[in-house]
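Protein chains: 2
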Amino acid sequence: MKEITFQPIGIIHSPFKRPEGTPIQFVGGKNIRGTIEIFPQYVEGLKDLEGFSHIFLIYYLNRVSKRSLVVKPYMDDKLRGVFATRSPSRPNHIGLSIVRLIKISKNQLEIQDLDILDATPLLDIKPYVPEVDTRENCKIGWMKDKVGKFKSTLADKRFHAP
Amino acid sequence: MKEITFQPIGIIHSPFKRPEGTPIQFVGGKNIRGTIEIFPQYVEGLKDLEGFSHIFLIYYLNRVSKRSLVVKPYMDDKLRGVFATRSPSRPNHIGLSIVRLIKISKNQLEIQDLDILDATPLLDIKPYVPEVDTRENCKIGWMKDKVGKFKSTLADKRFHAP
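These protein sequence lines map, in sequence, to chains U and P.
For the first sequence, the positions run 3 to 164 when the numbering used here is used.
For the second sequence, the positions run 3 to 164 when the numbering used here is used.
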């Protein structure tokens, strides 16, 4: 099957310049602020977005060098299938985060609760809508006894280029 | 900035062969079943996934022909910025759904609660983890008085190739 090609719509700016020490999920990045710079040709698409308090960001993990099918996640010491983890070293280097949208000024979005590296290319923004984006009575497999660690675990260099 | 290239990791099969009549979100596709066929070279990455009851699917909206910065969403009669909607005719044709994972048999995933067209190329699977993927006290802008319509609104051809 043929390759699929996307163009970045903007760049995410954050205080995290290197993988080491970056939160691994928003619960560790809570209150951390950053900005998104949307490229001028896409700004018209931001209309009506400011009414939403939270947005999905879909982005390109451009500093990840590896592709592994089994990984040792930050929170665990066993090898897990990569699709059962949020590890960045997946076959397609696609990242997904929900962030708080504080303010939009022209092509600049002020955002909060970041777990994203600085200078990350953004592929899409979608509004977060609890009525369609939340599920109840979930099972979370191997993460069951680990989710508490999201808050205090920081990334290291294991998945990234030197 | 240069193009970003991904390879499909599998194909989503669903009962929805055409855009017309396809649910626009899972609340309309509730209980609808489908399957995912993961390509053999990625099957090892499915290890440990079966412990999760819900998964994010990130996929390529390969039947969408348009790219619009303002769109008239199915639930509304006003033009809205595309990033404030879940319309498929976005600059990058990336889809995002949360589905229920019923069962995994080798490279076949049985899934439920589908709002996805048949034969859609899959780019990534991530486990859905309520502790990191839900937000409370959300504002949902123009959708505020429309979310009830997700359940009963079906797609038409407006965003797709003939």
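Check each hint, because a few of them may be wrong.
One copy or two, either will do: identical chains are not told apart, so a pair holds if it fits within one copy or between any two.
No more than 27 Å apart at the CA atoms, straight line, and that leaves these computed lysine-lysine pairs for DSSO-like [claimed, not checked]:
#1 K74 x K49
#2 K19 x K159
#3 K49 x K146
#4 K19 x K49
#5 K159 x K68
#6 K151 x K4
#7 K141 x K19
#8 K148 x K4
#9 K108 x K153
#10 K19 x K146
#11 K153 x K141
#12 K108 x K151
#13 K146 x K4
#14 K68 x K4
#15 K4 x K141
#16 K4 x K80
#17 K159 x K141
#18 K19 x K4
Calculated directly from the structure, the hints in this document are not laboratory data.
Keep in mind the model is a prediction, meaning the values are calculated, not measured.
Hint by hint, here is what the structure shows:
For the homomeric pair K74 and K49, the shortest alpha-carbon distance between copies (12 Å) is at most 27 Å, but the shortest distance inside one copy (41 Å) is not. In this assembly of identical chains, K19 and K159 lie within 27 Å of each other by CA distance solely inside one copy; the values are 12 Å within and 44 Å between copies. In this assembly of identical chains, K49 and K146 lie within 27 Å of each other by CA distance solely across copies; the values are 16 Å between and 39 Å within a copy. When the C-alpha separation of K19 and K49 is checked against a cutoff of 27 Å, the pair qualifies neither within a copy, at 30 Å, nor between copies, at 32 Å.
Within a single copy, K159 and K68 get their C-alpha atoms as close as 11 Å, which meets the 27 Å cut-off; across copies the closest is 40 Å, which misses it. Proximity of K151 to K4 under the C-alpha cut-off of 27 Å is found in neither arrangement, the shortest distances being 39 Å within a copy and 36 Å between copies. Proximity of K141 to K19 under the C-alpha cut-off of 27 Å is found in neither arrangement, the shortest distances being 34 Å within a copy and 31 Å between copies. With identical chains, the CA atoms of K148 and K4 are never at most 27 Å apart, being 38 Å at best within one copy and 38 Å at best between copies.
Neither within a single protomer nor between protomers do K108 and K153 lie at most 27 Å apart by alpha-carbon distance, with minima of 33 Å and 34 Å respectively. For the homomeric pair K19 and K146, neither the shortest alpha-carbon distance inside one copy (31 Å) nor that between copies (37 Å) is at most 27 Å. In this homomeric assembly, K153 and K141 come within 27 Å of each other (Cα to Cα) both inside a single copy, at 19 Å, and across copies, at 25 Å. Taking the closest pair of Cα atoms, K108 and K151 never come within 27 Å of each other, the shortest separation being 37 Å inside a single copy and 31 Å across copies.
Neither within a single protomer nor between protomers do K146 and K4 lie at most 27 Å apart by alpha-carbon distance, with minima of 37 Å and 40 Å respectively. In this homomeric assembly, K68 and K4 come within 27 Å of each other (Cα to Cα) both inside a single copy, at 21 Å, and across copies, at 20 Å. In this homomeric assembly, K4 and K141 never come within 27 Å of each other (Cα to Cα): the closest approach is 35 Å inside a single copy and 39 Å across copies. In the homo-oligomer, the alpha carbons of K4 and K80 never lie at most 27 Å apart, since the shortest distance is 34 Å inside one protomer and 36 Å across protomers.
For the homomeric pair K159 and K141, neither the shortest alpha-carbon distance inside one copy (29 Å) nor that between copies (36 Å) is at most 27 Å. For the identical chains of this complex, K19 and K4 are inter-copy neighbours only, at 21 Å across copies versus 34 Å inside a copy, given an alpha-carbon limit of 27 Å.
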